[in-house]
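Trainee: Model the placement of chain B on the given structure of chain A, informed by the hints.
The primary structure of each chain is shown beneath.
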Amino acid sequence: MFKRKLFFITFVAVHLLFIFLQVTKHVQFIHASYEKQKSEKLYAALIKEKDSLTRTIQTLQNKDVIAQYARTQLGMKAMNLKQIKRLAE
Amino acid sequence: MTITNTIKIRTTSLFILFTILYIIIVIHLYRIQIIAHQFYTKLGNQQYLGLHIQAPARAPIVDRAGNPLALNQECISAFILPKQLKDRERLLPFLKAHFGHVYDQLITKKEKPFLYIKRNLSAAQQELIASSNLTDIKLLREPYRFYPVAAASPVVGIVDIDGNGIMGMELECNAMLAGVPTTCFLEKDARSDTFYFTKETKTTGQEGSTLTLTLDSNIQFLVHEAVKQSVEKFHALEGYALVMDPQTGAIIAMVTYPHFDPNNITTLDPDSTKNKIVTNAYELGSVIKTFAALAALEEGVVTPNEPIDCKNTKTAYIDGRKINTWKAHDILPFTDVVALSNNIGTAIVAKRVDTRMYDHYTRLGFGKKTGIEFPGENPGFVNHPDNWSKQSIISLSYGYEISATILQLACALAIIANNGYPIKPTLRQDKLMRPNTDNGPLYKPEPLETIKSILEHTTQHGTAKRAHIKGYNIMSKTGTAILLTNGIYDDSRNLFTCSGIIEQGNYKRVIVTCVNEVESKTQLYASQVAAPLFEQVAQHVLIHDRII
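Heads up: the sequence lines are chains A and B, in that order.
If you read the first sequence in our numbering, its first letter stands for residue 1, the second for the next number, and so on.
If you read the second sequence in our numbering, its first letter stands for residue 1, the second for the next number, and so on.
Only chain A is shown next, with the shape it has when bound in the complex (with noise of 0.2 Å):
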């Protein structure tokens, strides 16, 4: 009798730690999963950034502006070939 029920006991209580194996096992790759998307949306997010700061940084480096400043602000032309020295000379 005693064994009848120790055997029943031992039986539910693997049958239940299974159970509680497999749900944390469950939650614990949902909650990775989870983290995983969040970085992905970071990277996302990231890489939008990433775009924004260089179109700021082409629209900085635009070359009408700049030369327009150069010509305008900094009284600045165009040079040729012939203004050109080499270092030896």
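Calculated from the structure, these hints are not laboratory results.
There's no promise every hint is true.
Capping the alpha-carbon separation at 30 Å, the derived lysine-lysine pairs in DSS-like fashion look like this [to be verified]:
no.: 1; chain 1: B; residue 1: Lys508; chain 2: B; residue 2: Lys424
no.: 2; chain 1: A; residue 1: Lys41; chain 2: B; residue 2: Lys118
no.: 3; chain 1: B; residue 1: Lys314; chain 2: A; residue 2: Lys48
no.: 4; chain 1: A; residue 1: Lys82; chain 2: B; residue 2: Lys314
no.: 5; chain 1: B; residue 1: Lys444; chain 2: B; residue 2: Lys431
no.: 6; chain 1: B; residue 1: Lys202; chain 2: A; residue 2: Lys48
no.: 7; chain 1: B; residue 1: Lys199; chain 2: A; residue 2: Lys50
no.: 8; chain 1: B; residue 1: Lys311; chain 2: B; residue 2: Lys322
no.: 9; chain 1: A; residue 1: Lys82; chain 2: B; residue 2: Lys424
no.: 10; chain 1: A; residue 1: Lys48; chain 2: B; residue 2: Lys199
no.: 11; chain 1: A; residue 1: Lys38; chain 2: B; residue 2: Lys322
no.: 12; chain 1: B; residue 1: Lys431; chain 2: B; residue 2: Lys465
no.: 13; chain 1: B; residue 1: Lys199; chain 2: A; residue 2: Lys41
no.: 14; chain 1: A; residue 1: Lys41; chain 2: B; residue 2: Lys138
no.: 15; chain 1: B; residue 1: Lys322; chain 2: A; residue 2: Lys63
no.: 16; chain 1: A; residue 1: Lys50; chain 2: A; residue 2: Lys38
no.: 17; chain 1: A; residue 1: Lys38; chain 2: B; residue 2: Lys202
no.: 18; chain 1: A; residue 1: Lys50; chain 2: B; residue 2: Lys351
no.: 19; chain 1: B; residue 1: Lys314; chain 2: B; residue 2: Lys368
no.: 20; chain 1: B; residue 1: Lys188; chain 2: B; residue 2: Lys233
Mentor: Frame of chain A, contents of chain B only:
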């Protein structure tokens, strides 16, 4: 009735009642889980399962140094949900006043669940919508393209509102830039549209590949400035310039002016979107004499110093055909016939070549596409001998009855620069090639060396003097072509071209400059219009490449 009977009756009644209720539940369960199984399964799947198609971000386009020519950006678009409007009375007048076409759609198509108001809102439009305080107008972020180098717009092209290439390299390499979308099934929380439990990939996608062009954005800008100045100076219709490395076919600068602003395409002139260096063919005039002379030298019908009688007149008749030339010359060595661009002397020598001229022109690539990876290339035209009149050889000798693109002209010069070996032009850095040596050179070394000397002489002492840069080996030829108006040659419409090769040791560049239809009260020639532009472009290229 005894108490026991009463209890029995009540018990039995309760049993029957609960049995009936239980049977009702079972019937209901049977109806839901068996009969309507598919309906509820589908409903559940709609809440939990989703087919997600994720398109990768469009890859950028960069120049040979990695400087961006096309980037991804985000724009803001406005939309409404017609079936979920809360403040229709305020929304309709606002849409009628500022977005009339949306108002019309909303009135006529009431069953639409989603309606764009405007995609890619300008800053002013965003401000307008924000100040309206209409909660029915919602905003979303969408990707769009930004082009930092407007001077390269005819080459790079643009995309449509959905990010598909519609012009230029954006169109030509659309599949490469767009990549392949990833399709996957997501099992997600019904209440959250953001996170998912599991993801099963159905189709694995591929990221778009960055397109590296052979263009140098600095040279492109500098050449663009030079062309723009020239067009403005001469009040011309258009200007073009092409810089190519003949040893690899790499196109370093390809400028068409005027061009469109790729970052503002609301008012787009279709003509300004064309890359006319590739898409438009012209009768180029005297620049073709370079190749007529090469043909004559290759056939052995003339030598460089052979005296040619140019009749000492500006107008002569050969085979009944009237030939005009810009200046009267007497007897000239053949070298000077080319250098001084005398049509009469050229025609006399060309008649010796006769129908073989057609073979030479086609051998040099005229009349067929160069094969460049760019949409809309024009093959040009060379009049076949079967269609010749008695005077066709005369026309062909100085650039008529043959139409060619600027690119074809550059490729023909590249054959001379490469000592007789052809090269395929390319705008893609991953498609660079060496000259095709499989079938041997197209021309013998002696005619090639001779034509190079003639072109050098033309630059130093002939019509291309304005293209000369002291201390550099420049071989060039000018051409002033008369354009057609309604099938008749119109002296008031000219195309001015200067084409040439720069050589300095192993460094070689082919440059072609072209100015179309200037406004002038006096007759102008390419030596005054296109040659100075050639010189400026050459200076920019030499300084940038540090060939000093």
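Trainee: Next step is simple, just say for each hint if it's right about the structure.
Mentor: Taking the hints in turn, this is what the structure says about them:
1. Lys508(B) <-> Lys424(B): Since the Cα atoms of Lys508(B) and Lys424(B) sit roughly 16 Å apart, the hinted pair holds (cutoff 30 Å).
2. Lys41(A) <-> Lys118(B): holds, 27 Å
3. Lys314(B) <-> Lys48(A): violated, 67 Å
4. Lys82(A) <-> Lys314(B): Roughly 38 Å separates the two Cα atoms, so the pair is violated.
5. Lys444(B) <-> Lys431(B): The given pair, whose Cα atoms are some 28 Å apart, holds under the 30 Å limit.
6. Lys202(B) <-> Lys48(A): Distance of about 26 Å is within 30 Å: holds.
7. Lys199(B) <-> Lys50(A): Given pair Lys199(B), Lys50(A) holds - Cα atoms ~27 Å apart, limit 30 Å.
8. Lys311(B) <-> Lys322(B): holds, 13 Å
9. Lys82(A) <-> Lys424(B): violated, 34 Å
10. Lys48(A) <-> Lys199(B): holds, 24 Å
11. Lys38(A) <-> Lys322(B): Outside the cut-off at roughly 81 Å; violated.
12. Lys431(B) <-> Lys465(B): violated, 36 Å
13. Lys199(B) <-> Lys41(A): holds, 15 Å
14. Lys41(A) <-> Lys138(B): The given pair, whose Cα atoms are some 22 Å apart, holds under the 30 Å limit.
15. Lys322(B) <-> Lys63(A): violated, 50 Å
16. Lys50(A) <-> Lys38(A): holds, 18 Å
17. Lys38(A) <-> Lys202(B): holds, 22 Å
18. Lys50(A) <-> Lys351(B): Cα-Cα ~65 Å, so violated.
19. Lys314(B) <-> Lys368(B): Distance of about 34 Å is beyond 30 Å: violated.
20. Lys188(B) <-> Lys233(B): Not satisfied, since the Cα-Cα distance of roughly 65 Å exceeds 30 Å.
Checked against the numbered hints given earlier, this structure breaks hints 3, 4, 9, 11, 12, 15, 18, 19 and 20; the rest are met.
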